[in-house]
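K.L.:
Line order of the protein sequences matches chains D and A. The opening residue of the first sequence carries number 1 in UniProt numbering; numbering runs sequentially from there. The opening residue of the second sequence carries number 1 in UniProt numbering; numbering runs sequentially from there.
Mixed in with the good hints there might be a few duds.
Covered, in the sense of this in silico footprint (three residues per stretch, anywhere, with C-beta under 8 Å from a C-beta of chain A), are these stretches of chain D [unchecked claim]:
1. 12-18
2. 77-84
3. 87-93
Computed far set for chain A versus chain D, every beta-carbon distance over 12 Å [unchecked claim]:
4. F221
5. W286
6. W318
Taking CB as the label site, the calculated pair distances span [stated by the list, open to error]:
7. H196(D) x L257(A): 53 to 59 Å
8. S6(D) x A238(A): 44 to 50 Å
9. A74(D) x R233(A): 24 to 30 Å
Just so you know, the hints here were simulated from the structure itself, not pulled from any lab data. Glycine is no exception: its CB is placed at the ideal position from the N, C-alpha and C atoms.
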Amino acid sequence: MSLPSSAPILIEDLTVAYGDQPVLDGLTLGVGAGRITALLGGNGAGKSTTLSTLLGFTRARSGRVAVCGIDPGAAPDAARRHIAYLPENVALYAHLSAVENADYLLALSDERHGRAAIVDALRAAGLQERAWDQRLAGFSKGMRQKVAIAVALLRAVPVLLLDEPTSGLDPRATADFNGLLSAVRERGTAVLMVTHDLLSAADVADEIAVLEAGRVAHRVAACGPERFDVRALHARFQVAA
Amino acid sequence: MTLWRHELRLLLRQRPSAFALVLLALLSVAAVATGMAEVARQRAAIAAIPAAQAEDIGAVADYVDRTKDAGSAAYYSFHPTWDAPAPLAFAALGMRDVAPYMLRVRALGLEAQIQDGDIFNPQIALAGRFDFAFVLVFLAPLFVIALFHDLVSGEREAGRQRTLDALPRGGAALWRRRTGLRLVLLWATLGLPFAVAALAEGVAFGVVLLVLGAILAYLLFWIALAALVGRLRWTSVANAATLAAAWLVLVLIVPTLGHVVIDRLVPVGQGAEIALAQREVVNHAWDIPRAATMRRFYAAHPEWSDSPPLGADFHYKWYLAFHQNGDEAVAPRARAYRAALERRDRAGRALGWLLPSVGVQALLTRLARTDLAAQLAYQDRIRAFHARLRSFYYDYVFHDRPFGRADFGRAPRFDDRAEARRQSTSRAIG
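Can you make the complete structure from the sequences, with help from the hints?
P.N.:
Listed below in structure tokens is the structure:
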């Protein structure tokens with residue numbers, strides 16, 4: 001597969017190892033602007049390491065990684081200015097309200113937005129108005145994700161990295177979240193979503209890449225006329241896992 | 001809102017952190033207030049001396065004026081000495097709470113008078129005085145531990161560390177900012193009450209800055225230790241337990257053991273033993289020929305040997321002579337006692353280069369002039385004053401000059417500042 005060099009997320013022939021143990025072995029992957037790629041794979045396939053490398057937490061042994069043209073290994077802070085990242089469990093500050101959490105995370109992103117902009121983003125992320133000024137203690141995972149998505153929306157970064165965003169969400173919350181992701185895509189954001197949730201990936205992604213032994217073993221379109229057969233992919237994924 | 005204000009809000013919204021800072025502020029204010037009250041009490045006691053002295057001397061003068069006996073004047077007159085607290089004494093009371101800061105002396109044997117006062121008040125010595133030095137040296141590290149033990153591990157355990165690290169102004173800059181904020185808050189909590197009190201007490205600006213620097217350095221030591229433990233990536237509970245153990249070792253156990261070792265290596269007798277030995281020599285004088293006492297005295301003090309010979313009756317010059325003989329008999333022991341105390345003090349200060357807790361306490365008591373060196377310097381001033389007192393009374397007693405009411409006004413008066421000036425001049429001359 002040929003990747004446009006302007007793609008916000010670009011990984012070419014990436015090798016990462018922890019000691020003598022290779023985790024990624026010749027991984028090549030790209031996500032263009034306004035596209036959602038779901039990265040599937042069994043435990044230890046290298047999904048989280050891929051995100052770590054894009055965030056500059058893990059150094060590549062060889063190959064090329066670029067976020068909006070910036071090597072996160074060489075310039076992690078510069079690369080992170082273009083990335084919004086949602087970990088599997090979005091943990092925010094329980095003793096701050098949703099608005100205050102968003103305000104703080106935006107400040108840590110070197111961005112300033114007024115309350116009006118923040119509540120607009122929270123509304124756009126689907127957080128109910130009565131929760132805006134409530135302390136986060138007692139918020140569900142879905143509600144916390146909405147706060148984090150609101151921050152990502154306000155930051156208007158070109159890259160969104162998601163780590164198991166729908167694990168632990170009920171079907172309604174998953175559908176809400178996928179709706180949000182579609183809205184993010186409409187803004188031209190490149191989204192890379194690491195997930196075990198094939199159905200959710202099939203619902204929202206443009207492309208699904210299946211990682212095996214540190215490289216992409218299967219790549220299928222998740223929308224359009226070449227859309228894959230979910231049952232067939234599920235069967236193949238089960239074999240791979 | 002700047003990131004610093006965000007961080008401040010975040011910190012103060014955490015109840016344990018806010019509670020810790022408020023508690024430390026209250027302890028600092030209470031310690032400073034306690035120290036100021038104690039110093040004010042000591043100053044008031046010293047200020048009351050002239051009136052009490054005038055009353056005492058008035059009573060003695062009524063009697064002496066009738067007999068004109070200089071010996072009675074020397075025997076019955078007490079002369080006050082005092083060690084006025086330095087401006088910084090409120091912050092580190094040091095030995096002022098256990099060693100005397102006022103002593104009334106007579107022209108008799110001095111060693112017994114000085115050494116009788118070296119017996120510490122065990123009730124106070126056991127508990128220790130609650131002053132600013134105590135809060136800084138013993139309590140402040142616990143607050144550093146409270147605020148720093150989970151600086152990074154807390155975020156890791158809450159699942160936020162990766163999110164924070166992934167933000168452009170997260171990562172190392174965030175931890176530096178949070179460390180800086182906590183350091184500034186702790187420093188302000190300790191330093192502000194101290195600085196306000198110090199300026200009110202008239203402490204020199206340079207000394208205030210020096211103490212603020214010492215507070216900062218001490219806090220940085222404990223923060224560095226917390227950061228070092230934090231790098232091990234243990235849990236917050238493990239970090240807290242490790243740091244608490246370090247506090248126990250560095251603030252309590254090692255200094256105590258260090259002082260035990262120093263006490264063993266540098267044995268120091270009791271001042272009371274010197275007082276007892278002096279009394280024995282004095283009492284023995286009643287059992288030996290008076291001529292032997294006077295021969296010994298004149299040999300050491302030929303300036304008084306032109307005194308008329310003793311008659312058959314009691315004469316105070318014999319009494320005063322055997323008291324001075326007693327002092328001189330124990331002088332080598334007194335010098336050895338003092339030298340041992342100084343050696344022990346030097347060893348304790350050397351320990352301060354290894355243990356920040358000991359070092360900071362030694363620095364504060366030195367700056368506040370409440371340490372052993374200050375106590376010994378006060379003793380030196382007493383000795384110098386006592387020598388002048390003896391010389392004054394001897395001139396009357398050994399020359400059989402009558403002593404009237406007006407002569408009391410000619411007696412030397414203790415002035416701690418003048419005595420200190422004389423002391424430094426004599427040191428400079430060598």
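K.L.:
Decide, hint by hint, whether the structure agrees.
P.N.:
How the hints compare with the structure:
Here the region 12-18 of chain D counts 0 residues with a CB under 8 Å from a CB of chain A, which misses the bar of 3, and the coverage is violated. Counting residues of the region 77-84 of chain D whose beta carbon lies closer than 8 Å to any beta carbon of chain A gives 4, which reaches the threshold of three, so the coverage claim holds. With 6 residues bearing a CB less than 8 Å from a CB of chain A, the region 87-93 of chain D meets the requirement of three and the coverage assertion stands. Against the 12 Å criterion, F221(A) stays outside the reach of chain D, whose nearest CB is about 29 Å from its own CB.
Look at W286(A): its CB is around 81 Å from the nearest CB on chain D, clear of 12 Å, so calling it non-interface holds up. With 12 Å as the threshold on Cβ separation, the claim that W318(A) sits away from chain D holds: the shortest Cβ distance comes to roughly 84 Å. Hint check: H196(D) to L257(A), Cβ distance near 58 Å, so the stated range 53 to 59 Å holds. At about 48 Å, the beta-carbon gap between S6(D) and A238(A) stays in the expected band of 44 to 50 Å.
Roughly 26 Å separates the CB atoms of A74(D) and R233(A), a value that falls within the hinted 24 to 30 Å.
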